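The listed protein sequences correspond, in order, to chains F and S. Just so we're aligned, residue 1 is where the first sequence starts under the numbering used here, counting upward by one. Just so we're aligned, residue 1 is where the second sequence starts under the numbering used here, counting upward by one.
None of these hints come from the bench; they were simulated from the model. On a predicted model such as this, the values are computed, not experimentally measured, just so you know. Just to be clear, a hint being listed does not mean it is correct.
List of simulated lysine to aspartate or glutamate pairs, EDC-like, C-alpha gap at most 20 Å [stated by the list, open to error]:
| no. | chain 1 | residue 1 | chain 2 | residue 2 |
| --- | --- | --- | --- | --- |
| 1 | F | Lys40 | S | Glu63 |
| 2 | F | Lys44 | S | Asp84 |
| 3 | F | Lys41 | S | Glu15 |
| 4 | F | Lys36 | S | Glu42 |
| 5 | F | Lys22 | S | Glu42 |
| 6 | S | Lys105 | F | Asp70 |
| 7 | S | Lys105 | F | Glu82 |
| 8 | S | Lys60 | F | Glu100 |
Chain S side only, calculated, beta carbon under 8 Å to chain F, not exhaustive [said to hold, decoys possible]:
| no. | residue |
| --- | --- |
| 9 | Leu46 |
| 10 | Thr51 |
| 11 | Val87 |
| 12 | Phe89 |
| 13 | Ala95 |
| 14 | Ala97 |
| 15 | Phe103 |
| 16 | Lys105 |
| 17 | Gly106 |
| 18 | Leu109 |
| 19 | Ser110 |
Calculated Cβ distances over 10 Å to all of chain S for the following chain F residues [stated by the list, open to error]:
| no. | residue |
| --- | --- |
| 20 | Asn26 |
| 21 | Arg63 |
| 22 | Ala72 |
| 23 | Gly104 |
Beta carbons: idealized from backbone N, C-alpha and C, even for Gly.
Listed below are the residues making up each chain.
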Amino acid sequence: DTAVSQTPKYLVTQMGNDKSIKCEQNLGHDTMYWYKQDSKKFLKIMFSYNNKELIINETVPNRFSPKSPDKAHLNLHINSLELGDSAVYFCASRRQDNTEAFFGQGTRLTVV
Amino acid sequence: GNSVTQMEGPVTLSEEAFLTINCTYTATGYPSLFWYVQYPGEGLQLLLKATKADDKGSNKGFEATYRKETTSFHLEKGSVQVSDSAVYFCALTRAQAGTALIFGKGTTLSVSS
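Okay, chain F solo, but in the shape it has when bound (with noise of 0.2 Å):
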């Protein structure tokens, strides 16, 4: 079983289309985050939630919308693609006291 599951795995869509990406956890974790990767491998961290409640929102453009509808799920919605959005999104958690986090497949987003 997948520990970690993101869908979609790609993903092509037209500038300004609103696009979800969904995270499940099946690890019992109360933590989990958003990272983005760009073209250089670069990650950065999004948002994170712990027991659903949003502890980090970096500096991300509020067209990014993550929600949490219960400690297993971590969705990402974004509107008004733009081309600078295209990268690949991880999903990612872990135990509140432990440091070793899981990480989703990846999704990749092309925007064009």
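Take the given structure of chain F and dock chain S to it, following the hints.
Then chain S, alone, in the frame of chain F:
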């Protein structure tokens, strides 16, 4: 703030060569340190970790020692294989609710036979 600096790549080696990827960090207190690996087209996998000073993490022939005096966590492997070709990330974090992993910029390793 917290940060991680790792050596610029790419690193190109022949099979069975010795590998070192340097990593230094800046942090208050005592963070946990990690090496993650990303194989082509895949997500990140934890390679090894160390949670306190002088701890040595090891896995799949890779090793790294948490050196507080030099704020370093260098990755080493005695004999690399073609299958080790990947991007390697050094990272740090704390065991505190919601705290994120802070990553270095990644080092691409290419091993040829």
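For each hint, the structure was consulted:
Restraint check: the Cα-Cα separation between F:Lys40 and S:Glu63 comes to about 26 Å, which exceeds 20 Å; the hinted pair is violated. For the hint linking F:Lys44 to S:Asp84, the alpha-carbon distance of about 24 Å lies beyond 20 Å, and the restraint is violated. For a cut-off of 20 Å, the pair hint linking F:Lys41 to S:Glu15 is broken: about 24 Å separates their Cα positions. Restraint check for F:Lys36 and S:Glu42: satisfied, since their Cα atoms lie roughly 14 Å apart, inside the 20 Å limit.
Our distance criterion of 20 Å between C-alpha atoms is met by F:Lys22 and S:Glu42, whose separation comes to about 17 Å. About 32 Å separates the Cα atoms of S:Lys105 and F:Asp70, which puts this hinted pair outside 20 Å; it is violated. A hinted pair counts as satisfied when its Cα atoms are at most 20 Å apart, and S:Lys105 with F:Glu82 does not qualify at roughly 24 Å. For the proposed pair S:Lys60 and F:Glu100, the alpha carbon gap of about 18 Å is at most 20 Å, so the pair holds.
The beta carbon of S:Leu46 comes within 6 Å of a beta carbon in chain F, closer than 8 Å, and the hint placing it at the interface holds. A distance limit of 8 Å between C-beta atoms decides the matter here; for S:Thr51 the minimum to chain F is near 7 Å, and the interface restraint holds. About 6 Å separates the beta-carbon of S:Val87 from the nearest beta-carbon of chain F, less than 8 Å, and the hint is met. About 7 Å separates the beta-carbon of S:Phe89 from the nearest beta-carbon of chain F, less than 8 Å, and the hint is met.
Taking 8 Å as the C-beta contact cut-off toward chain F, the hint placing S:Ala95 at the interface holds, the least distance being around 5 Å. A cut of 8 Å between beta carbons decides the hint on S:Ala97: the least distance to chain F is about 4 Å, and the hint holds. The restraint placing S:Phe103 at the interface with chain F holds, with a minimum CB-CB distance near 4 Å, inside the 8 Å limit. For S:Lys105, the shortest C-beta to C-beta distance to chain F is roughly 5 Å, which falls under 8 Å, so the interface hint holds.
The closest approach between the C-beta of S:Gly106 and any C-beta of chain F is roughly 4 Å, which is under the 8 Å cut-off, so the hint is satisfied. Hint status for S:Leu109: violated, given a least beta-carbon distance of 12 Å to chain F, over 8 Å. Hint on S:Ser110 is violated. Least Cβ distance to chain F is approximately 14 Å, over the 8 Å limit. For F:Asn26, the requirement that its beta carbon stay farther than 10 Å from each beta carbon of chain S is met, with the minimum near 16 Å.
Annotated as non-interface, F:Arg63 keeps its C-beta farther than 10 Å from every C-beta of chain S; the closest such distance is 21 Å. Distance check for F:Ala72 against chain S: the nearest CB is about 16 Å away, which clears 10 Å, and the non-interface claim stands. Against the 10 Å criterion, F:Gly104 falls within the reach of chain S, whose nearest CB is about 6 Å from its own CB.
Against the hints set out earlier in the document, violations occur for numbers 1, 2, 3, 6, 7, 18, 19, 23.
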